[in-house]
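**Student:** Assembling the complex is the task here: the two chains are given apart, and the hints tell you how they should meet.
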Amino acid sequence: MKCIILAGGMQSTLTRDNESIPKPMIDIGGKPLIWHIMKHFSEYGINEFIVCGGYKIDVIKEYFMDFYVYESDITVDLSDNSVTIHSNKTENWRVSVIDTGIDTEVLGRVFAVKDMLDGDFIVTYGDCISDVDVDALVSSHKESSAVGTLMLTRSTGRKKFIQYDVGGSRYPDEQAGSEAWISGDCYVFSEAVFEYEKVSSLDSLFSKLHDNGKLSMYRHEGYWNAVETMRDLVEAENLWESNAQTWIKNR
Amino acid sequence: MKVVILAGGKGTRISEESVIKPKPMVEIGGIPILWHIMKTYSDYGFNEFVVCCGYKGQMIKDYFLKYYVNSSDVEFKLDSNETKVIGKNKLDWKVTLANTGLRTLTAGRILRIRDYIGDDEEFMLTYGDGVSDVDINALIDFHHSHNTVGTITTTQPPGRFGAIKIDEGSGKILGFKEKARADSAWVNIGFMVFNRKVFDYLGDGSEMLEASPFERMAAEGELSAYKHEGFWSPMDTIHDRDYLEKLWESGDAPWVK
Numbered sequence: 001m002k003c004i005i006l007a008g009g010m011q012s013t014l015t016r017d018n019e020s021i022p023k024p025m026i027d028i029g030g031k032p033l034i035w036h037i038m039k040h041f042s043e044y045g046i047n048e049f050i051v052c053g054g055y056k057i058d059v060i061k062e063y064f065m066d067f068y069v070y071e072s073d074i075t076v077d078l079s080d081n082s083v084t085i086h087s088n089k090t091e092n093w094r095v096s097v098i099d100t101g102i103d104t105e106v107l108g109r110v111f112a113v114k115d116m117l118d119g120d121f122i123v124t125y126g127d128c129i130s131d132v133d134v135d136a137l138v139s140s141h142k143e144s145s146a147v148g149t150l151m152l153t154r155s156t157g158r159k160k161f162i163q164y165d166v167g168g169s170r171y172p173d174e175q176a177g178s179e180a181w182i183s184g185d186c187y188v189f190s191e192a193v194f195e196y197e198k199v200s201s202l203d204s205l206f207s208k209l210h211d212n213g214k215l216s217m218y219r220h221e222g223y224w225n226a227v228e229t230m231r232d233l234v235e236a237e238n239l240w241e242s243n244a245q246t247w248i249k250n251r
Numbered sequence: 252m253k254v255v256i257l258a259g260g261k262g263t264r265i266s267e268e269s270v271i272k273p274k275p276m277v278e279i280g281g282i283p284i285l286w287h288i289m290k291t292y293s294d295y296g297f298n299e300f301v302v303c304c305g306y307k308g309q310m311i312k313d314y315f316l317k318y319y320v321n322s323s324d325v326e327f328k329l330d331s332n333e334t335k336v337i338g339k340n341k342l343d344w345k346v347t348l349a350n351t352g353l354r355t356l357t358a359g360r361i362l363r364i365r366d367y368i369g370d371d372e373e374f375m376l377t378y379g380d381g382v383s384d385v386d387i388n389a390l391i392d393f394h395h396s397h398n399t400v401g402t403i404t405t406t407q408p409p410g411r412f413g414a415i416k417i418d419e420g421s422g423k424i425l426g427f428k429e430k431a432r433a434d435s436a437w438v439n440i441g442f443m444v445f446n447r448k449v450f451d452y453l454g455d456g457s458e459m460l461e462a463s464p465f466e467r468m469a470a471e472g473e474l475s476a477y478k479h480e481g482f483w484s485p486m487d488t489i490h491d492r493d494y495l496e497k498l499w500e501s502g503d504a505p506w507v508k
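Order-wise, the sequence lines are chains A and B.
Under our numbering, residues 1 to 251 are what the first sequence spells out, in order.
Under our numbering, residues 252 to 508 are what the second sequence spells out, in order.
Here chain B stands alone, though its shape is the one from the complex (with noise of 0.2 angstroms):
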């Protein structure tokens, strides 16, 4: 099964980084999260991608495309411009790195690659900025026994903030609760599995697929969500990255086996 994922949005958000590098390409440990998210699957037995290219694209093509030559001892034959890989890359990744515009809304991105599917029967998606723990053994379990067009991985991401307890009559503090993780809203994580038959739900591709395509799955009960405890993490501050850079070098990055 092929995994999609969406790199094409503009990082807007780590301000010191996204200026510079499309929000995917932002590094943990010195390796852009679109590897560390490639690694998850690849973990599983997952090593064809089709990523959705946009926002400078061309850096994350330039990526892929020195990558060979960059993760292998090389010698050079300055006479002849040849370069000799001495020693074998250990990853055997197909990544497809397709151009799906600078604006295009997510449904659209997904429209654009449909050829890159082939006639497989169902893909992965995910997003280009969030790493997870999450089982995708089990998810793709979870996908087949629900029998919807569509599987959204789904957390409750913890608290920003200590919750307090309060007695309503009195006004006295009952007790604390650090960052309840509980009492959150279920949030979209992507690690999602979808049927073919997803692409009937895009229309023109002229939206989010979050709005009313997943409206209309919702509505026809052919959208399922798993339900992650583990690891989740988005990079969308320059916090999450100091967060995920600590875990990375403590040697026990979750998201990676």
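Chain A on its own, in the form it takes in the complex (with noise of 0.2 angstroms):
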């Protein structure tokens, strides 16, 4: 099962340097936000990833095009410029970067990789992490024979679910319910999407789908953060400095 990762239109200012990067290239603990997504999937057996790049797509391309040095000691000599390579530490993922534009809408992302696909496969923000069951996830699309299942998640962070009786009313009023689910910002798609070629955005697809009774949601009680403010992201890192991160079992 291949995954794709959304990598294309955001630019994140999440960064204590300069530069401006691609959101998915922001660093938690020495490695990419990208590649704790990449591990979190790895880790349920899913190691080919298509990642849809826009916006300073390079950066993303340099860092895979260097992974296999990065993660392992070297020796350089520099009377020829020979490298030697001592202990090998990389991963066994197949890495697609495709340049999908910077401006494009998420579907025609999705939609521009189709003929890399092969059978059901997986959609996820570059931005997001999570420690969905991957496994169950998909599971329960399968068992839903939907065309597209969303997975719904907590809010997060200041956006509290509140609930007062104020005058003998109560806010919100019960029809409201007391759960506050959230789009978790990753799917799972089987091959029938592309059916839906002419739908313009990923909402009307989601609403196509619902009308035509095609549509599954998937609910993760578990860990979920969209690393959006610099607040998001100290809780990641301080996950993952005390290894505490439950998107990665195995370190």
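No lab work stands behind these hints: they were computed from the structure.
Just to be clear, a hint being listed does not mean it is correct.
[Claimed, not checked] On the chain A side, residues computed to face chain B include the following (Cβ under 7 angstroms):
#, residue
1, Gly30
2, Tyr70
3, Asp73
4, Thr75
5, Val76
6, Asp77
7, Leu78
8, Ser79
9, Asn81
[As the list claims (entries may be wrong)] Residues of chain B placed beyond 12 angstroms of chain A at every Cβ, according to the derived structure:
#, residue
10, Ala389
11, His395
12, Gln407
13, Ile424
14, Met459
Quick caveat, the model's predicted, so the values are computed rather than measured.
Beta carbons are placed, not taken as given, at the ideal position from N, Cα and C, and that holds for glycine.
**Tutor:** Here is the structure:
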């Protein structure tokens, strides 16, 4: 199963360096966010990634181009420029980095790499880390016979759900329910999704799928973090540094 | 003898630069201080280095991977993506760049490069953020003649403040002394030499080398101090950098022969 990582339109200022970088390249504990995402999926046997790049795609390409050498101990002989690789701690991942433009809508990026896919596939944003049970997510999709499964997660950070009784009324009212679920920006699709090629955006795809009874939901109760603010980043860094990151089991 | 350089720590103090660079990559005259330190050793004929990388180690790897091309005249054949070096690079250094972890403490970093010392009976070790004109040959002779597991180079850094001599009785000033060097304590400036027995003192590597490993060695009489009276400067602050930069530009940098 292949995993598409959306990494094209997102510029981050969440860096302690001066230069802006694509969001998936934000550093968490010495590794870019995109590495954390891949490592998570690879622990569930998913090792083929299609990175839909755009904004500063060269930063992403260079990272993977140098990955083998960066992960290893090396000796450089400056007299003849020969390089010896000592310990090779690389990954068995296959990473395609595809330029899908800067302003392209999410769905356009997915359709752009259509020919590289076979069977069901995962689409995830390159700025979210989660400890979702990928096996459970994928089997929930397969069992549902839906064309698309949307991962839901709990709202995080400062956006807290509130419930008060004021002046005899309940706010928000009972119908609103007590659970706040939001999109976890991670989806599983069947190939049949390409029949919806005329749909213009992800939102309208989901409402079409919904109308056709082909949309399924998966509730993820665990950790989820869309690294948007310095607060989100510091949270992820602290978990990583205290070896308490739930999104990667074996470091 | 191989030279191990500790270059993994986070460069937190030179704020303007270290946010984007590991400390050993902070430049003096456009060249990383790490290179300057290596040059000091290479002037004495020591050309094999093991750099313990950590924080932004990629940047250090990149520097040495591109060094050959960046320090030579080159011709690029754009139709075949070939790079031809015109003329020869002057350095024959062998630089091993080892990933020793982001937050590993110094004893742990040394344990992780043990394999790169190979069967050598001894090795040298220094910090990636201090330059000096230590006479490396004299240091090694000293180490051999004292026959301990380790020798560290020590110096009395110039004081930051001028000293004043006060008459205790009258409270009057008797005289001024400019930045008295002899009054300050002897400090560890790196430029160490170790017998490979040092690995037995490092425990599981969860400590600073300068903590209990050194304390145990000292308690057993296995650590000597080589007194260096000459030049030494750390690269701790922006002032240090400006000072080193000025020395380099004067064409008379003491750490390069």
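**Student:** Flag every earlier hint the structure violates by its number, smallest first.
**Tutor:** Checked against the structure, no hint fails, so every one of them is satisfied.
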